[in-house]
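Build the full structure now, drawing on both the sequences and the hints.
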Amino acid sequence: MTDLSSLQALLEPLLPGLMGVQLVEAAPDRVVARMPVRADLCTVGGILHGGAVMAFADTLGAVGTVLNLDAGQSTTTTDSSTKFIRGAKAGTTVRGECTALHRGRSTMVWQTAVTDADGRLCAVVTQTQLVLDARG
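Take the sequence shown: its position 58, counted from the start at 1, is 57 in numbering that gives the first Met the number 0, and no numbers get skipped.
You may find that some hints are simply not true.
FRET-style restraints, in silico, Cβ to Cβ [as the list claims (entries may be wrong)]:
(1) Asp-39 / Ser-5: 21 to 31 Å
(2) Asp-39 / Ser-80: 38 to 48 Å
(3) Gly-71 / His-101: 16 to 26 Å
(4) Asp-132 / Ser-80: 21 to 31 Å
(5) Asp-39 / Ala-116: 12 to 22 Å
(6) Gln-72 / Thr-92: 17 to 27 Å
(7) Asp-69 / Arg-29: 16 to 26 Å
Keep in mind that the hints were calculated from the coordinates and are not lab data.
All C-beta atoms, glycine included, are put in the ideal place defined by N, C-alpha and C.
Laid out in structure tokens, this is it:
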């Protein structure tokens, strides 16, 4: 599944769809998406919740991994590390650019830069995805 509309349809009924994640580009080595910073995704101070940032980035790394899987394989996140740099305000949109650092047979490592509407870095998320083989 490599076309953007099919990937987006897969996300819609899941948490990324509920959060408003919109895929912009999806290739085996890079995934780009945007997400509106809605009030229900924010902290009391009107800043995008850290958990929402992490879920956004996790989605992009998972999508990237899916684009590299063989038929019958699946994936799950095994590790994620987030460095928060600045907040993103409610009523704006964040952008995530996720790039592959490693694409192996059993694991893949992805790094996502989350930027605010002005292009300023909000967070950097690095995650490891485990590649799961189909059960026989």
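Okay, the hints, checked on the actual structure:
1. Asp-39 / Ser-5: 21 to 31 Å: Check passed, 27 Å falls within 21 to 31 Å.
2. Asp-39 / Ser-80: 38 to 48 Å: violated, 26 Å
3. Gly-71 / His-101: 16 to 26 Å: Since the Cβ atoms of Gly-71 and His-101 sit about 22 Å apart, the hinted range of 16 to 26 Å holds.
4. Asp-132 / Ser-80: 21 to 31 Å: holds, 26 Å
5. Asp-39 / Ala-116: 12 to 22 Å: Because 18 Å falls inside the window, the suggested range holds.
6. Gln-72 / Thr-92: 17 to 27 Å: violated, 32 Å
7. Asp-69 / Arg-29: 16 to 26 Å: Check passed, 20 Å falls within 16 to 26 Å.
In this structure, the hints that do not hold are numbers 2 and 6, in rising order.
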